[in-house]
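A.B. asks: Put together the whole structure using the sequences plus the hints.
Chains as they are written, first to last, in our numbering: chain A, 1 to 142; chain B, 1 to 219; chain C, 1 to 455; chain D, 1 to 379.
All the pointers check out, no bait thrown in.
Derived list of chain B stretches under chain D, where covered just means 3 residues or more per stretch with a C-beta under 8 angstroms from a C-beta of chain D:
| # | segment |
| --- | --- |
| 1 | 32 to 43 |
| 2 | 89 to 98 |
| 3 | 166 to 179 |
Computed cross-link-like contacts, EDC-like style, restricted to lysine to aspartate or glutamate with a CA-CA straight-line distance of at most 20 angstroms:
| # | chain 1 | residue 1 | chain 2 | residue 2 |
| --- | --- | --- | --- | --- |
| 4 | B | LYS69 | C | GLU410 |
| 5 | B | LYS100 | D | GLU263 |
| 6 | B | LYS100 | D | ASP336 |
| 7 | B | LYS59 | C | GLU373 |
| 8 | C | LYS402 | C | GLU391 |
| 9 | D | LYS272 | A | ASP60 |
| 10 | C | LYS93 | B | GLU146 |
| 11 | C | LYS68 | B | ASP147 |
| 12 | C | LYS93 | C | GLU76 |
| 13 | D | LYS258 | B | ASP116 |
| 14 | C | LYS91 | B | GLU146 |
| 15 | B | LYS69 | C | GLU373 |
| 16 | D | LYS365 | C | GLU85 |
| 17 | C | LYS372 | C | GLU412 |
| 18 | D | LYS272 | D | ASP257 |
| 19 | C | LYS283 | C | ASP213 |
| 20 | C | LYS334 | C | GLU366 |
| 21 | C | LYS372 | C | ASP362 |
| 22 | B | LYS100 | D | ASP325 |
| 23 | C | LYS330 | C | ASP238 |
| 24 | C | LYS195 | C | GLU228 |
| 25 | C | LYS372 | B | GLU62 |
| 26 | D | LYS378 | C | GLU125 |
| 27 | D | LYS378 | C | GLU391 |
Hints are computed from structural coordinates only; laboratory data are not their basis. Being a predicted model, the structure only gives us computed values, none of them experimental. Where a beta carbon is used, it is the ideal one built from N, C-alpha and C, also for glycine.
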Amino acid sequence: MASIGDIPVKVEGEPAAPAEYGNALPVLSQVRHALAQLTQGGEPTQIDLGAMPFGPGDEDRLMALLGQGEVTASVDALGRTRIQETAYSGVWVVEYLNTDDQRVALHLEIDTVPRLLRSQPEDLSDALAALNTLLAASLDQA
Amino acid sequence: MTAMEFLMLTKGPLFQAALAVFALGLLARLVEIFALGRAHNYAAPRGNAALGGLRTMYKRFEPDPGTFKAAPFDVVVGMIWHVGFIVALLLFIPHVELIKSTFGIAWPALPNPVVDAVTAITLLGLLAALVHRLAHPVKRFLSTTEDYLIWSVTFLVMLTGWLAYHRMINPYPLALGLHILAAEIFLVVLPFTKLTHIFTAFVARYYNGAIYGRKGVQS
Amino acid sequence: MTEAVLTPGADLPESGADESAGSFSLARGLNALREEMDAPVASFFSSCIHCGLCATACPFYVETGDPKYTPIHKLEPMRILWEQEFTFWGKLKGTLREKLPLEKWGLDKLLAGKQVTDAMLAEWEPLLYDSCTMCGRCSMVCPVGNDIQYMIRKAREGQVASGHSPEGLIAASVRAVNTGSPMGLKWKTLEVQIKHVEQSTGLPVPIDTQGADYLVLLSSMEIINFPEYLEALTKIFDHAGVSWTLSTQCFEATNAGIQIGSKDIAATLVQRVVDAAEQLGVKNVISPECGHAYTAIRWEGPNAIKRAYPFKVFHIIEVLDQLRAEGRIKTEGKEDDRLSMHDPCNLARKSGVIQQQRNLMDLVAEEFVDLKEHGKMQWCCGAGGGVSSNERAEDLKLAAFKKKKAQIEEVEPDRMVTMCATCRTQLEEGLEEHTMDIPVVGLTELIADHLVDKE
Amino acid sequence: MATATPQRPQGQSMPTPQPTLGESLRRNGVSRRGFLKLCAATASLMALPPSMAPAIAAALESARRPSVIWLSFQECTGCTESLTRSFSPTVENLILDTISLDYHHTLQAAAGDAAEHAREEAMHANAGQYLVVVDGSLPGPRANPGYSTIAGISNYDMLMETVADAAAVIAVGSCAAFGGLPKADPNPSGAVAVQDLVKDKPVINVSGCPPLPMVITGVLAQYLTFGKLPELDEYNRPLAFFGQSIHDRCYRRPFYDKGLFAETFDDEGAKKGWCLYRLGCKGPMTYNACATMKWNGGVSWPVEAGAPCLGCSEPDFWDAGGFYDALSVPPGNSGDMLLAAGAAGVAVGAGAGLLARSKTKSAAKQHQTVTAAELEQKL
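C.D. replies: What follows is the structure, given as structure tokens:
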């Protein structure tokens, strides 16, 4: 499926600078509140930015405000998921992409580690079983 | 009936009907008044009657100092909610659009938060006026069912408008429909009650000013 | 029918004269009220929203605190009739009441209409007469612009025709028509006073002088209570060289018809003035120091007799101020005590004579101080509009005066000046009642006192 | 995506119990992280908060593919077009792979008798379990059925027959939900909405002209996930998507609140992106998710493109006044009516006034002069 960017559109002149509609700051204060919660009670929060009534430029503004942190990660499962720590420790941008690299969802996660980065309990037991099998086979061979 | 059907009913046929009753009734009332005429005045005038009449049409917006002293509540509250009503009616953007579409004339409007605040004050003013009407010996003595009726009709228009603006009634088509319905009730009731004073007060003021103006007194 | 066509309009049988008092009836009263309905009345009644502000302008309400004295309430019978018969809504309601079984539907109360009954008119009689001087102050403050006083005057027509007007005013009207004076005063009495004036001033008082510039009218109350007026007038006119005359045919300026509210009686009385003036061929008629007389002759008279006058009408104060402006009055010395002034309603608010009396005061008063609310916003003395001729209203009259008294106390004058005999009497009696030692003088006398002696 | 729609081989009878979604994902080698991601995306799709993801995961784990029969009546195929332009093929495919779209005459490969046969078979095999999706309105029972038929069967008959054994009906698009354009004045075909006809089965309306693709799949996902119908508003629309008005979620709302409006499409206000109320925006009365979910994969939506909301997800929006007239403007020409009524008023008033005037005149004629003599009688 062609993405909208593939449609040949010629823009004459410089595109106007995106206006800022003032919806970034309320989200930022929501993030601050969530971070306070995480610090005090250890309770993580996820914010679906897709549900925000963002106007053009609002998302860029929010991202600029959040900045970039130390960690960048990528998860490859059912398409890519980009995970970026912001300049504020504990505040993560999680962008879910599909196999065509189109965004499926954009979340902010306020947590020590984003959930998706952690190894999942079910996978752990599978991994243990797999390792056992591997070891047994190797020992047999040996 | 769904909220949307209700809104369409109030915006469509009911609005047309209310407007028709209003225009017919009001003009009938006004013409009825003027048709009664006045006896010819044989007394030599001291001043200009017409000029006095026109001046008084405006002058009665300013209360005389004595009345203000005697009834400050009436003057202040009355002024506030009347101005508020007119501001909300004529300077709220949706109303300006409505007037533009109906009469083809338009004028600048006020920002919504201003109209919102004015409406809130007007509602409080109307409540205060009602309490005063119930409490003040003269007002209570004079008041008839009709007085309370026109208060209610006026209050309902303002209240439903304010609730609709703040989207406190859901869904919105219901809120807007209720407001329009209240306005239609107001329009229909107007020509047949003392709400006509909105228009006839200027006629009355003119006659008052003309009667006194002829005698050389600015009333 | 044929008759009616042959004699359109005017010549309906004159029914009053030979009929008994029984001819006053509800029907006749309602008919009189119907006659009075006009566009202003309709616009006034359409506009009243019962705010009650007129009450704050009425001395009778202010001093009694009784809501029934609210001015607009005094017009309730007239309003009911207007609504029933002069609005299509009222007529529709009436038709519905007649044609539909409203009681069955439980709507009878909703469309119930009050009826104007004889009892109602009787109940309203004291409201329209005893507690209203037709001072017109309410007409000045009504936010929607109702001229309530205008309607009170009209409502009284209905009261007279229905037989619900006060005895005192009826008596005054009868005396005025029958004797030429509401107090039954005859020319002979005046003649004695004229002689006295001529003796004390040494000046002639012209009588029945053809072609004089001014015909001077008097009021009976002046003749009896304030004989100084005629003397002052004689001196001033001599001083200013004014050509004037009294008329033996008609000396009375007051008009009980205006007060009781009968345009017929008013016309009869005004006609006498007009006849006298026309007979003598005067250019001007002077109304004396009396409020309602001026209203009667100046404003209502031409309409009562349904034609314009061939002469002009002035209040004496207007004439004096004119003479002053022309430099024909030379005065010397000034009163050195603190003087304040009461504007008669009929002269100031209802006739626009406001500045003139102040010009004259400047001529003769060192220390003149106006009451706080004066001119068109003055407060009534409480006695006008027939209240002083209505014995039943005595208590209310004195109650209403308290507002004036309070006003006077505010400025603490040594004396009060006024230019209406009724006001003057009320001020004197009222101040005495409250043991306030503030004498009241007429402005004309005050001027006369300061005339420069002729060489 | 559409080509991926599964078609059950002709003539095959009801298969053995299908695997749950969880089982089929694992069988396809999707990791737990992949599943988590799917749940996060699904939560977004269903307009649920991300915190619902674990519940979704638990539900999806045991979800089974339902059979879906899609009926298209008086429609423009816009709704199907919208659906097939969904932006997230991965999630989309997973959802649609999971449902069994047994009949959709635009998308299915089969035609003619075979297609109708597929429908009947699906109805038979999944009696009481299958979902019916309808797009388009249909001529009502009293209208001429000839206005719209499929395979010689009137829309009405087909709907009633198909719905008889359905678990629920999803009316997709404003035509199916409310009658839409076919029902607009003067409604020549006697069009009615699905909910006007189906009274004994739950009807979920997914209105919009067309509805947001994510909303269509979101509703399906919700049914698939939780196996039950979502919470509905008074028009039977899922509250998750239709619970808030465009106005309340509009990024231009602050301009409305400040009173900053575009008054023409090319003025300063329009360039600055101010509120479009005066240009006819029906956002305040329109309940839909455009303001947050947006169109074309989240690129933009009408208001962001500078066009006022037409209110397409509301009943009778075609007849609700001009698209470019402010919400407060009533439809129809009030001015002429006002003039006519005013003229009538003048006539009535003149009549009444003249009557009243003649009353004062006749009163004056009947005037009996008050004389002193008769007054004297009173004393």
